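Work out the full structure, taking the sequences as your base and the hints as a guide.
Protein chains in written order, with this note's numbering: chain Z, 1 to 778; chain A, 1 to 378.
Read the hints as simulated data drawn from the structure, not as lab findings.
Honestly, I wouldn't trust all of these hints.
[As the list claims (entries may be wrong)] Subject to a maximum C-alpha distance of 20 Å in a straight line, what follows is the list of computed SDA-like cross-link-like pairs (lysine to any residue):
1. Z:Lys686 - Z:Asn730
2. Z:Lys617 - A:Ile345
3. Z:Lys617 - A:Arg254
4. Z:Lys364 - A:Lys296
On a predicted model such as this, the values are computed, not experimentally measured, just so you know.
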Amino acid sequence: MEPKIYPGIMRVFSSLLLVLCFQVSFACGWSVSPETSRLALFKAQREGFFKLTPFYYSADYYYSTNTVSGVDQELNCLEWKKKLGSQIDPKDVHTILYETDGEQFETAYETKSLKQTFDKNTFIEALLLPKNKVFLNYILFAKKLEYNSNTDVKWESWGQVGYGSKDHKLADITDFEKKIKITKDAFLKQRYAFLMLRYNFYAQDKNEVIRLYNTYFTENKNTILEPWALYYKALCIENFPLQNYLLSKVFASCEEKSFAVLQHYNWKLTEETLALAQNDEERSVILSIESFRNPAPDLKTIEEVYKLSPNSINLSFLIGREINKLEDWIFTPQYTNNGSPSVTFEGTDWYGDYAKAKEENLNKDISNLRALEYFLISIREQTSGEQKDYITTAIAQLCFMDDQIDLGKKYTDMISDKANASIQMQKNIQLALVSLKQDNLKSEKVQNQLFEYFNSVENLVEADYGLFKNMYSLYRIASADFAKQGDRVTAGLLAMKSDLKNEGEYSVYNNPYFYSYIGYFDRTATVEDVDRLMALQQKKDKTPFEIYICSGTIAPNINYYKDLKGTIAFRNNDLELAYNTFSSMPKDFWEKNYSFTDYLNENPFTPKILQKDKERKFDYHFNKTDFIAKLIQLKKQNTASSNLQLAHAYFNVSYLGNSWMMVAYDWTSGESYVDYVYGDNTEIEKTYQKGNYYSLTMAKMYYEKALKMSKNNNEKALASLMIFECNYYNHYANIVSAEEEEKNPFKAGKELINFYSIYKTTPTFRRYNCPLLKAFIN
Amino acid sequence: MKNIIFILLFVTLNGATCEKEHEVIRSFCYWKTDLNFENTDDSLIRDLKVQHLYVRFFDIDWNPYAKEPLPVATIRNTSLNESNPEITPSIFITNEVVLQSNKKQLDSLAIRIAKRVEQIGVNINEAKADKIANAIVYPKDYYKNENYKRINYDSVKSIELAKLKVDFKEILIDCDWTEKSKNNYFYLLKQIKKGFPTAQVSATIRLWQYKYASKAGIPPVDKGLLMCYNLTKPEDFKTKNSIGTSEELAQYIRHDQYKLKLDIALPLYSWAVVFRGNQFKGILSDYDQLRNDTIKLKKISDIKYVLQDDILVGQTYLRNGDEIRIEKISEEELEKMISIIKSKIKIDNQTKVTFFSFDKKYINDYGTQNISRYYESF
Chain Z
1 MEPKIYPGIM RVFSSLLLVL CFQVSFACGW SVSPETSRLA LFKAQREGFF
51 KLTPFYYSAD YYYSTNTVSG VDQELNCLEW KKKLGSQIDP KDVHTILYET
101 DGEQFETAYE TKSLKQTFDK NTFIEALLLP KNKVFLNYIL FAKKLEYNSN
151 TDVKWESWGQ VGYGSKDHKL ADITDFEKKI KITKDAFLKQ RYAFLMLRYN
201 FYAQDKNEVI RLYNTYFTEN KNTILEPWAL YYKALCIENF PLQNYLLSKV
251 FASCEEKSFA VLQHYNWKLT EETLALAQND EERSVILSIE SFRNPAPDLK
301 TIEEVYKLSP NSINLSFLIG REINKLEDWI FTPQYTNNGS PSVTFEGTDW
351 YGDYAKAKEE NLNKDISNLR ALEYFLISIR EQTSGEQKDY ITTAIAQLCF
401 MDDQIDLGKK YTDMISDKAN ASIQMQKNIQ LALVSLKQDN LKSEKVQNQL
451 FEYFNSVENL VEADYGLFKN MYSLYRIASA DFAKQGDRVT AGLLAMKSDL
501 KNEGEYSVYN NPYFYSYIGY FDRTATVEDV DRLMALQQKK DKTPFEIYIC
551 SGTIAPNINY YKDLKGTIAF RNNDLELAYN TFSSMPKDFW EKNYSFTDYL
601 NENPFTPKIL QKDKERKFDY HFNKTDFIAK LIQLKKQNTA SSNLQLAHAY
651 FNVSYLGNSW MMVAYDWTSG ESYVDYVYGD NTEIEKTYQK GNYYSLTMAK
701 MYYEKALKMS KNNNEKALAS LMIFECNYYN HYANIVSAEE EEKNPFKAGK
751 ELINFYSIYK TTPTFRRYNC PLLKAFIN
Chain A
1 MKNIIFILLF VTLNGATCEK EHEVIRSFCY WKTDLNFENT DDSLIRDLKV
51 QHLYVRFFDI DWNPYAKEPL PVATIRNTSL NESNPEITPS IFITNEVVLQ
101 SNKKQLDSLA IRIAKRVEQI GVNINEAKAD KIANAIVYPK DYYKNENYKR
151 INYDSVKSIE LAKLKVDFKE ILIDCDWTEK SKNNYFYLLK QIKKGFPTAQ
201 VSATIRLWQY KYASKAGIPP VDKGLLMCYN LTKPEDFKTK NSIGTSEELA
251 QYIRHDQYKL KLDIALPLYS WAVVFRGNQF KGILSDYDQL RNDTIKLKKI
301 SDIKYVLQDD ILVGQTYLRN GDEIRIEKIS EEELEKMISI IKSKIKIDNQ
351 TKVTFFSFDK KYINDYGTQN ISRYYESF
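What follows is the structure in structure tokens.
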């Protein structure tokens, strides 16, 4: 009876704070949730963890789960099989009970086509036998009853405006009690009683629910219906400690209701609830339930549960949950956004405070980590079997988080070879961590061993989608370690791998596209790195590790990387290399890829700033190779007019210009979705072309050169005006608030004065002078 | 690079602010499931001179059991009391519907939408006819009038109802379509257009769809409604305000090349968001109580607070250093946003400017005079 794992996500709202996926029908934009970026490496499991899946720690909403336990339903199917005969396949029972819409069943019955509709269904075949008519009637009644208690469905019909589901035949509920009484078969009697009990629960007849439970379930508890019925009874009890106690019994005896029990559990009644418990086991369940929702450090409960039930599944789960909290608080800030808040705070004071708070929090977390570690070490010897392996791997994980690599390795080595697959996988993750921290990552042998470790996690993912989170985390850490050893190529591919493994979706961009192949390298790589990357892309006999890191991450088209290389060369002002690189690419590359034609479609030799909107034409056939060739030629000419053209070109490749995409792939950093993925790029952008991208340094230099060399007053006027513009935008490039502007207002230089005096008769002056401009002369 | 002064100066220097202002069509979005105006609503409509409402008529979601698109959350009680703004029926369609439906289903969906809009239109007219008939049959203080003679209510109502026609000038379709669903969605829009031969069909345009028009495509409709808000989700720390800031808006509205006449939707609401460092922790639905705790909470600006201690609030563990940010678009910000919109998007007397959404709480919070001023600044 293997539990099934479904990829859907179940979310439950917490009461006071709504910390959930936020839905406004108008929402747009990109972001990733903290749960998406949260790091977690610890996912060792014990047999029986499955029903606790909803209570794994989560960063931003509680009870996030991608699992729905089908165990109780399968038990019910087996009960039917036992009742109607061994020829019945429990899967067929499941199909009818849990996968068939009431309407479909009802229609098939009414049209006498049950056999055809559910062809080869062994359960239907059995129900259609004359001797089983009472059972068929029961199923039909139960299906109809689904509509009686569920008229408030969200679906409406096209036929009428207003609420209310389709026109279904409702079950006749007037003679419920009689139905139970006349049913002779005990199996059916209990089932009718359960339907009636549940019906009365929704009809809010609490006394009747309690009576039905006491009459039909107290004596015969040998069915999965009993804990289900007890759940409804518990909710009808007005004494909250007693309600809690009964809910804890439901929690301990079935899987399906574990989630619902936690929803209805009444908090802050711990002592009163514990007072009702009959034994230590029951006490340990109550304490565990209390802790399953706790997002704060909670070693105290772990210690208490250990005393009451040292081998319990709940104890192991709480330990894992505690480690996941610590991982979130310690790892996530360390490995996302380069470990520091990539934020521009409005006041530097606050930034200082937060840095301090962050350090205080880290110290507190480390001290919590050590307390948990010491506790686990102290109990390890008293545990045995699966519990012992689980605790050993938990200790090892805590050691690694605290950078005690050798001690961690010691505990990893203590994990027995007979440990279950999940604990073995945890061991491999830990061995990978040891290797990443201690080995020479350039060694092929080390790399291939790492691949083996990675692969052991991959192998289990199909059975548990939750492990994507571990792979995301492991590759993120591996990427950082490769980057630390100077291998930005592997680091970049692993970072992309990490993103691919992440469950988070980046809106419409969840499929790799042009920029996702180069994003990491755009921000970190040198031209030499891109050469290495291209060599790897072209390499025929890749090692297993290389095959692994390249799959899904390496660009299918080598020209993506060439374009990046040429762009980096251009950013570095290496025009020759830029030219050679671009000229080795297909001429139509920029017409067919990315958004080049959207942003490289204007004449780069006419400064955008001087054009009115209606004068702009977007029909320029832009070719990067030709553009660089022209720059090289203009540089060689070194005349007043060639320098003026160069200046215009450099103005336009700044972020103020019409050809900024020659230098950057995204206009400015700080807002776009790629910043979520690769981090803020503002500081790097400031260094492009010696600061020209934001501060127009190169444009200004060429305008000054042109001004100096030119003998033509009209050219001089244009150069002067543009020097003014360069100064103006350079000044405001670093001012972000009105207060700063007030303290440091812009002052126009002599170029503007000359523009309004010496050059006031030129055509350039006549065209561009305006009162706004004149106002800058004080 | 966030520099609003700079962006505005850029706009100024480009000479785009010289254009005169327009008398735009004053509009609001009404997005609740119950439309039952009271006198206070009437006076807001009157004070703000609201001429138009986008009213969400129903949503359409994909029913995985029936494997077909079905209507959900249809509007109830369509009564506008004394107000009489022009109504644009608005239909929200989930992306799932567009992704899952086959051509045949899209064809019938378009027909069903037209029929349902007509039915709701009739309901609105019925409410109007009821109102009129009531006033005729039971004039003010009729019970004091000794000679009062009651005329037949039903016949009066049917006469009044016959005078009212369902005649919507525009239908708005709202769907956050993706590259993947684009083709189906655009096909559906064309089919919807056939169902409304005398009305214009418009579609909501999210800002990313505007910015990346070549990827998202331009929907085949008569008009677009550009939604200038929710630029980032609340999870995004890097923005001052996830509902929208002028700086971010400027990053999205970079070009003026959108090939569709656009109406404008602006935000008018507020909430509080919690951050840890730069990480979103959640939305606080009830922050007033916490805000008053001056020991654990330090106010650092008008809208921001920082926690001074670890506390467990409900089911959420808030930590020392966590920031709580009250999000509301300031009046000044809204004005800047309007400037940016005007610099790139053609505004004329036919342009609808709508606020999301019509709610007494938010309208009173901003004040009717301010809201009127926003309309005027177009």
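Verification of the supplied hints:
{"no.": "1", "hint": "Z:Lys686 - Z:Asn730", "result": "holds, 11 Å"}
{"no.": "2", "hint": "Z:Lys617 - A:Ile345", "result": "holds, 17 Å"}
{"no.": "3", "hint": "Z:Lys617 - A:Arg254", "result": "holds, 16 Å"}
{"no.": "4", "hint": "Z:Lys364 - A:Lys296", "result": "holds, 18 Å"}
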